[in-house]
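Q: Taken in sequence, the protein lines are chains A and B. Positions 1 to 312 (the numbering used here) are the ones given, in order, by the first sequence. Positions 1 to 312 (the numbering used here) are the ones given, in order, by the second sequence.
In short, the hints are calculated from the structure, not lab data. The model shown is predicted, which means the values in this text are computed figures rather than measured ones. Any given hint could be a false lead.
Stated by the list, open to error - Simulated pairs of lysine-lysine, DSSO-like, Cα-Cα distance not exceeding 30 Å:
id: 1; chain 1: A; residue 1: 125; chain 2: B; residue 2: 289
id: 2; chain 1: A; residue 1: 170; chain 2: B; residue 2: 124
id: 3; chain 1: B; residue 1: 289; chain 2: A; residue 2: 289
id: 4; chain 1: A; residue 1: 170; chain 2: A; residue 2: 124
Unchecked claim - Quick list of the computed label-pair ranges, beta carbon to beta carbon:
id: 5; chain 1: B; residue 1: 112; chain 2: A; residue 2: 126; range: 25 to 33 Å
id: 6; chain 1: A; residue 1: 255; chain 2: B; residue 2: 239; range: 50 to 58 Å
id: 7; chain 1: B; residue 1: 170; chain 2: A; residue 2: 239; range: 43 to 51 Å
Cβ atoms here follow ideal geometry from the backbone N, Cα and C, with glycine treated the same way.
Number of protein chains: 2
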Amino acid sequence: MAASDYRLLTFAAILLILNGPLRGADLPKSKPATMAEILAASHPGDWRPLDPENTLYLDLVAGRVIIELAPAFAPSHVANVKALVREGYFDGLAVLRSQDNYVVQWGDPDAENPQAARKIRNAKKTLAAEFDRSIDPTLPFTRLPDGDVYAPEVGWSFDFPVARDPKSGKTWLVHSYGMVGAGRDNPADSGGGTELYVIIGHAPRHLDRNVTLLGRVVQGMERLSSMPRGAGAMGFYEKPEQRTPIKTVRVAADVPPSDRTELEVLRTDTATFQALVESRRNRGEEWFKHQAGRIELSNVPLPIRAKSPPNR
Amino acid sequence: MAASDYRLLTFAAILLILNGPLRGADLPKSKPATMAEILAASHPGDWRPLDPENTLYLDLVAGRVIIELAPAFAPSHVANVKALVREGYFDGLAVLRSQDNYVVQWGDPDAENPQAARKIRNAKKTLAAEFDRSIDPTLPFTRLPDGDVYAPEVGWSFDFPVARDPKSGKTWLVHSYGMVGAGRDNPADSGGGTELYVIIGHAPRHLDRNVTLLGRVVQGMERLSSMPRGAGAMGFYEKPEQRTPIKTVRVAADVPPSDRTELEVLRTDTATFQALVESRRNRGEEWFKHQAGRIELSNVPLPIRAKSPPNR
Numbered sequence: 001m002a003a004s005d006y007r008l009l010t011f012a013a014i015l016l017i018l019n020g021p022l023r024g025a026d027l028p029k030s031k032p033a034t035m036a037e038i039l040a041a042s043h044p045g046d047w048r049p050l051d052p053e054n055t056l057y058l059d060l061v062a063g064r065v066i067i068e069l070a071p072a073f074a075p076s077h078v079a080n081v082k083a084l085v086r087e088g089y090f091d092g093l094a095v096l097r098s099q100d101n102y103v104v105q106w107g108d109p110d111a112e113n114p115q116a117a118r119k120i121r122n123a124k125k126t127l128a129a130e131f132d133r134s135i136d137p138t139l140p141f142t143r144l145p146d147g148d149v150y151a152p153e154v155g156w157s158f159d160f161p162v163a164r165d166p167k168s169g170k171t172w173l174v175h176s177y178g179m180v181g182a183g184r185d186n187p188a189d190s191g192g193g194t195e196l197y198v199i200i201g202h203a204p205r206h207l208d209r210n211v212t213l214l215g216r217v218v219q220g221m222e223r224l225s226s227m228p229r230g231a232g233a234m235g236f237y238e239k240p241e242q243r244t245p246i247k248t249v250r251v252a253a254d255v256p257p258s259d260r261t262e263l264e265v266l267r268t269d270t271a272t273f274q275a276l277v278e279s280r281r282n283r284g285e286e287w288f289k290h291q292a293g294r295i296e297l298s299n300v301p302l303p304i305r306a307k308s309p310p311n312r
Numbered sequence: 001m002a003a004s005d006y007r008l009l010t011f012a013a014i015l016l017i018l019n020g021p022l023r024g025a026d027l028p029k030s031k032p033a034t035m036a037e038i039l040a041a042s043h044p045g046d047w048r049p050l051d052p053e054n055t056l057y058l059d060l061v062a063g064r065v066i067i068e069l070a071p072a073f074a075p076s077h078v079a080n081v082k083a084l085v086r087e088g089y090f091d092g093l094a095v096l097r098s099q100d101n102y103v104v105q106w107g108d109p110d111a112e113n114p115q116a117a118r119k120i121r122n123a124k125k126t127l128a129a130e131f132d133r134s135i136d137p138t139l140p141f142t143r144l145p146d147g148d149v150y151a152p153e154v155g156w157s158f159d160f161p162v163a164r165d166p167k168s169g170k171t172w173l174v175h176s177y178g179m180v181g182a183g184r185d186n187p188a189d190s191g192g193g194t195e196l197y198v199i200i201g202h203a204p205r206h207l208d209r210n211v212t213l214l215g216r217v218v219q220g221m222e223r224l225s226s227m228p229r230g231a232g233a234m235g236f237y238e239k240p241e242q243r244t245p246i247k248t249v250r251v252a253a254d255v256p257p258s259d260r261t262e263l264e265v266l267r268t269d270t271a272t273f274q275a276l277v278e279s280r281r282n283r284g285e286e287w288f289k290h291q292a293g294r295i296e297l298s299n300v301p302l303p304i305r306a307k308s309p310p311n312r
């Protein structure tokens with residue numbers, strides 16, 4: 001039975017199928033499966049490797065942060081950030097801002113000083129905003145059944161959290177924890193990817209459709225989220241020595257295979273993912289006494305694992 | 001006009017009243033007020049001082065973290081945590097756990113070792129759970145109009161974020177950023193306040209009604225949220241030297257006035273707070289191009305400021 005055959009089944013039916021092999025003597029029949037059990041029972045086809053051409057390595061002294069880019073939602077920004085990366089724009093720049101329960105942001109500390117600012121060679125400094133895009137029948141969409149405070153529909157597309165408005169025919173990436181966007185000034189088209197931010201707190205969904213999201217952190221998030229907060233306005237660091245230097249940012253495809261971090265992402269268009277969502281709506285762990293029976297988009301984990309079998 | 005007179009007015013009417021004095025030449029008439037403008041126009045009666053008898057100072061080497069307790073929702077846990085604090089239970093213990101996008105937790109590293117564990121003198125080790133309480137007509141409730149994924153009604157009570165279910169007649173504190181709860185083992189009644197946690201990521205609302213919340217951090221949150229994440233399971237630190245020591249935890253009432261941090265909280269049962277909520281549903285800052293027109297409970301700021309006039 002192929003994974004796609006599961007798609008029209010109810011969650012309950014999927015659980016019956018998936019849990020079959022897991023129901024040992026220790027598991028009472030009425031108990032929902034846990035996420036760990038569901039992932040353990042997943043099939044290799046439930047996972048997809050990261051595309052090296054759409055993966056960035058942000059290397060800090062403390063280690064690597066890995067960002068998956070979302071060309072389906074921000075094609076121009078993704079192309080421009082890759083162009084910036086490939087001309088070495090970010091190398092030696094720094095994390096400039098860490099605002100509690102909000103964002104960590106990196107870029108050029110001298111951006112406002114024409115003499116000292118990092119030069120851009122072939123990439124663009126600013127681009128037209130890509131706040132949303134048209135819903136396309138070929139665009140995958142796995143809908144979350146529990147609704148959302150901010151948007152008519154939410155779910156996942158290409159394994160990114162998204163919202164949709166069927167009336168306007170638009171869809172957009174949403175500001176969940178770990179999502180990466182292109183900072184901008186007041187004009188909508190003043191961003192371009194030279195200054196990037198990542199969400200480190202409760203999903204600031206009021207930013208949706210106000211700024212171009214272009215990817216998400218899939219590994220190393222804790223290296224950004226645990227940085228000391230800046231004491232200046234909006235969490236900017238007040239002294240240069242408080243900033244965290246960026247060693248390099250590279251497109252994974254440009255990195256020798258021996259230095260790559262091979263990861264794979266759980267596909268959100270699979271029965272395994274639907275079972276995972278259900279396992280978070282109703283928790284099977286003994287600790288839980290009350291089942292929410294619902295879940296909010298930003299609380300659904302998007303599992304990542306080392307590519308299997310490991311290639312080195 | 002007393003603050004309470006505003007209560008039945010619509011948001012729009014409140015804004016017209018509050019914005020009157022703020023509408024200078026720089027502000028186009030159609031522009032919603034910003035939070036900064038609303039706070040600047042607030043009245044002294046919109047604020048209440050923290051009650052020193054229900055305020056904890058968690059002092060770290062890096063500085064002070066201030067927690068407001070919620071006796072209306074967890075009376076036994078609040079009383080027990082204060083009893084623990086007053087017998088010096090937490091002094092010299094440590095932060096044991098920092099799990100990314102989830103919680104930071106502190107308590108006794110030797111809790112599982114009867115020989116070495118910190119002794120409890122008069123306080124209790126465990127208590128009956130206080131996961132929710134009955135709705136009481138005298139309990140204040142300011143309702144958020146925008147709904148919620150997890151609960152039939154959400155809003156604020158005594159300036160804490162809460163949910164309510166009129167059908168069951170129950171209300172409970174919710175797991176927003178900065179909320180503080182009493183860790184427990186699998187049995188519901190196995191907590192008591194000897195091990196406390198604070199939410200440092202996206203509101204894990206599936207914990208609501210599963211664990212006793214008893215307060216919230218009102219200042220110094222960044223000292224906890226930016227701690228390095230633990231590399232062990234569930235973010236526990238693997239080596240003792242990775243833990244952050246706790247100097248002391250004290251009830252503010254027991255601290256000499258000269259060493260107190262005098263803060264006040266914006267009352268959520270005021271017209272000023274309702275205007276603030278509206279200012280976050282529809283943002284007046286020039287940067288915003290798209291108005292959400294809605295807001296989620298955990299995205300509404302609960303303003304805190306130094307007590308005015310300062311008493312030292």
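Q: Does the alpha-carbon distance linking residue 170 of chain A and residue 124 of chain A stay inside the 30 Å limit?
A: holds, 26 Å
Q: Can you confirm whether the C-alpha distance between residue 170 of chain A and residue 124 of chain B stays at or below 30 Å?
A: violated, 56 Å
Q: When you take the CB atoms of residue 255 of chain A and residue 239 of chain B, is the distance between them in 50 to 58 Å?
A: violated, 32 Å
Q: Verify the CB-CB distance for residue 170 of chain B and residue 239 of chain A against the hinted window 43 to 51 Å.
A: holds, 50 Å
Q: Hinted pair, alpha-carbon criterion (30 Å max): residue 289 of chain B, residue 289 of chain A. Please report holds or violated.
A: With a Cα-Cα distance of about 43 Å, the restraint between residue 289 of chain B and residue 289 of chain A is violated, given a limit of 30 Å.
Q: Are residue 112 of chain B and residue 126 of chain A spaced within 25 to 33 Å by their CB atoms?
A: violated, 57 Å
Q: Need the status of pair residue 125 of chain A, residue 289 of chain B: alpha-carbon distance at most 30 Å?
A: holds, 20 Å
Comparing the model with each earlier hint shows violations of hints 2, 3, 5 and 6; every other hint is respected.
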